[in-house]
Amino acid sequence: ACTSNMKVTDAIEAIGLGRFQVGHLCCAWAAGAVLSANVMLMYYVSIPPHVVCREAECDGRQQPTVQELCKSDALASEGWGLEGSSVQLEWGLSCSDEWMVPFSQSMFFLGWFLATTLAGQVSDTHGRRVPLAVSLFSLATACLLCGKADTSYHYIAAKLLHGACVGASLLNIYVYGYELLPPSRASFFGTSYFTVSSIGSGLTALLAYSYKDDWRAVCYAVALLTYPIAL
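Just add 9 to the spot in the sequence shown (first one is 1) and you have this note's numbering.
Now the in silico label distances, taken between C-beta atoms and shown as ranges:
1. L123 x H163: 13 to 21 Å
2. R28 x D106: 51 to 59 Å
3. H135 x E107: 39 to 47 Å
4. Y187 x L123: 16 to 24 Å
No lab work stands behind these hints, which were simulated from the structure alone. Backbone N, C-alpha and C fix where the C-beta goes; we use that ideal spot for every residue, glycine too.
Use the sequences and the hints to build the structure in full.
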């Protein structure tokens, strides 16, 4: 039973795991799944395009690497070219602009770091639910902007914002899911959160396979999956 001089954690433990906490936990799981789907998008940035032979002149010859093709006009004149499903080709992050691949990843994690340092203070000041909803809505919007980016520089700027929203959402989700659970069930949330999050990663992989010729469509699909959770 609860008493007037109990700590909050003791009161939550005494109440136990009821219907409200279960619903609370399911919301955190769903948010974790869509967050993981957004994070997984960053993995595909590092996958290079395929080198293919487009003309009869290069049939039977040794296939060059992407770096060799980018540095040699002679190989391009022989019929070698870059094709395939690739984020790098979609946003022009290959050849002379290959440096933008690690740079975009750095910007993503820089945004993640900066937002994480601020999200906790905002959550402590304005409660848990509103900052979580705002961060998830912003996450979906940032993912949408990545898909809408028309230049490599716009894409990198969108990735900085995307990373910031990922960092804020991750902290808010974890606090939101953990705080109202009985302390004896806290370890269960930590384990189950990352288990359920793997579903989001698998979903992005499925979308990437389904829309492998249109990476913008993959970004749009992940954004559309994120918006309902924010609302």
